[in-house]
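**Student:** Listed below, chain by chain, are the residues.
Number of protein chains: 2
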Amino acid sequence: MGKLTIVGLGLIGGSIGLGLKRAQPENTEVVGFDLDREVMTRAQRSGVVQAIASSLEEAVSDATMVIVATPIVSMRKVFQTMGPHLRRGAVVTDTASTKGDVLRWADEFLPEGVHFVGGHPMAGKEQQGLHMAEAGLFEDRPYAIVPSVRALPGAVNAVVGLAQVLGARPFFLDADEHDAYAAAVSHLPLLTSVALFNLARKSTAWPELANLSGPAFRDLTRLASGEPEMSHDIFLTNRENVLHWLDRYIGELQRFAELIASEKEDETLFRSLAETQIERNIFLEKLPRRDDPALGVELPSSADSFLQMLTGTLWQERQRAKEITEAMQERAEKAAWEERVRRRKLDIDE
Amino acid sequence: MGKLTIVGLGLIGGSIGLGLKRAQPENTEVVGFDLDREVMTRAQRSGVVQAIASSLEEAVSDATMVIVATPIVSMRKVFQTMGPHLRRGAVVTDTASTKGDVLRWADEFLPEGVHFVGGHPMAGKEQQGLHMAEAGLFEDRPYAIVPSVRALPGAVNAVVGLAQVLGARPFFLDADEHDAYAAAVSHLPLLTSVALFNLARKSTAWPELANLSGPAFRDLTRLASGEPEMSHDIFLTNRENVLHWLDRYIGELQRFAELIASEKEDETLFRSLAETQIERNIFLEKLPRRDDPALGVELPSSADSFLQMLTGTLWQERQRAKEITEAMQERAEKAAWEERVRRRKLDIDE
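The listed protein sequences correspond, in order, to chains H and X. Counting in our numbering, the first sequence runs from 1 upward without gaps. Counting in our numbering, the second sequence runs from 1 upward without gaps.
Hint data in this document are derived by calculation from the structure and do not stem from the laboratory. Keep in mind the model is a prediction, meaning the values are calculated, not measured. Among the hints, erroneous ones may be present.
To be verified - Computed list of lysine-lysine pairs in DSS-like fashion (alpha-carbon distance at most 27 Å, straight line): (1) X:Lys264 <-> H:Lys264; (2) X:Lys286 <-> H:Lys202; (3) X:Lys77 <-> H:Lys264; (4) H:Lys21 <-> H:Lys125; (5) X:Lys77 <-> H:Lys202; (6) H:Lys125 <-> H:Lys202; (7) X:Lys286 <-> X:Lys125; (8) H:Lys77 <-> X:Lys264; (9) H:Lys125 <-> H:Lys264; (10) X:Lys125 <-> H:Lys286.
All chains, please: the whole structure from these sequences, using the hints.
**Tutor:** Structure, rendered in structure tokens:
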């Protein structure tokens, strides 16, 4: 019997619980913990988790996998508190929107023999909380996997398996890449949305603006309704990247201001707008191929038999997951073959 | 038999046609015209309009109401061409996203005895075209009504009635107010969306960014898929207001940059984010009351009996429309009463 613990039962933690429940993993107990006892009790009653614990220490002891889904800044304390109580070979993952600090805290506070593999499901809603949780929240969403240097391939596989079970598209990044890219496509959009709403709200013409506003204003200010704690943690733990992209964004706005100010006939501005439309429609139709970094993952080498079982069992449930697994297998075999070729070359050279 | 002509059968013109069809106005023929003959034929075949015409002149002759739903910059030419063929007493309205230039063109090219009442339904989709049209597009959306100084109250009522038939929330603004406010809640959001997509798209990391991007990036760049012609016309015909609000927006972004750069503990930035969340949720729950400018509308004084019939008949269809009518009646009575008081005072003063 494996034990999988979810720490933090908000929108993300709760949705992971529901996603796991839907997948019906065999021989696995899903345990939940939350500082808010009422939320924890509700999670158990509504079947989001099968069991709850009276303390974080109890919740994680003997767990084969721990998923930390608390606010980012709290993770430091969570790692510190649970560190001494984790069993050797346990896999720890998280769901934070930034990864640099989280990986540093994991390195500092999680004991040797525990495998930390960062995770960031690119999904969410502006309304947080357990009552908003849903099993399908991660369906077809990107799920960034950011392994720590100490994590064994089997532990990485387990988190990839988790992402797949939830229906997400796992993909690998290192922490620096993750935080730089997430600043551009997630944290900057959040900031543009907050600023847009604030600007209008603080105008003396607000009653008129609000009444005149249509779906464009509503959609583009959606993220301004996000949890302030989450936004705050994101901006603080990814400060430099956010400021960098914000600076570039202001530059881009100024470029458009110049185009608008100088436009006479259907010239540069029009061409730029037409290009934008085409490029965005291409983006909607098909994601560009990314140069996949070598995964460095050998599939059947997980240190922990529970994890093999968990991922193995769950993968059988989903044809799509199976296809991804096969693709990974292919890549791993290709990498192994290239390695053999390289070694042979070295043999010859020597 | 009244004749209502829609000029331009794209998303907006087509949706107006379908909205009118759903309301089943009696004794009214809806005629459509589009420069694209194929679009026009499709509109007739699919019942968006009941009849089509071989020329703009033919389409508008004898029309009691003409709705111009072409691209903004084309309206100048449309007014110029159709002006001499309009019957005396006809009501002309439009659907352009900016109003200053359109009202000037109407003043210049529409003959005396024709009533121009600008309109701007705050609804749309990034995908344009007749095939995207739907009867419910304007449902519960604001519909700005911007009467020309020459328009008789009855003509204004007819356009208010049109907005109500489409299920929209009509409200009055003058052209300057409209363009200033629309710049803030519609044209600036468009620009922020276009710039955000462009910034990411032009980054060398685009393949990574696109693959990592979740719903936030997708929603906030939605308007970047808008028709370039429409965006271009908006920016050109509302240049000063757009640049003014863009400037203020950059200022607001810089204010947040400073908050992020200087944030130590949960202080100013956190409070600002928390306030934003509260204010946006208030906005979603209930629109702020606006100080309604005196409407100056006396309901049963329309010059044209068709318009009375059209609006009268249609209003009976909708309880909500009836309520709005009653509210307008109340305001009109209040205004009349105040006018009597004012006159009496003048009598006394004299």
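**Student:** Compare the structure with each hint and give your call.
**Tutor:** Hints, one by one, checked against the model:
Restraint check for lysine 264 of chain X and lysine 264 of chain H: the C-alpha separation of about 47 Å exceeds 27 Å, so the hint is violated. At most 27 Å may separate the alpha-carbon atoms for a hinted pair to count; lysine 286 of chain X and lysine 202 of chain H meet this at roughly 17 Å. For the given pair, lysine 77 of chain X sits about 18 Å from lysine 264 of chain H by alpha-carbon distance, which is consistent with the 27 Å threshold. With a C-alpha separation of about 21 Å, the suggested pair lysine 21 of chain H and lysine 125 of chain H falls inside the 27 Å cut-off, and the hint holds.
Using a Cα cut-off of 27 Å, the hinted pair lysine 77 of chain X and lysine 202 of chain H is violated, with the two alpha carbons roughly 39 Å apart. Annotation: proposed proximity of lysine 125 of chain H to lysine 202 of chain H holds, straight-line Cα distance about 25 Å (limit 27 Å). In summary, the hint linking lysine 286 of chain X to lysine 125 of chain X is supported, as the alpha carbons are separated by about 24 Å, within the 27 Å threshold. Restraint check for lysine 77 of chain H and lysine 264 of chain X: the C-alpha separation of about 18 Å stays at or below 27 Å, so the hint holds.
For the hint linking lysine 125 of chain H to lysine 264 of chain H, the alpha-carbon distance of about 42 Å lies beyond 27 Å, and the restraint is violated. For a cut-off of 27 Å, the pair hint linking lysine 125 of chain X to lysine 286 of chain H stands: about 21 Å separates their Cα positions.
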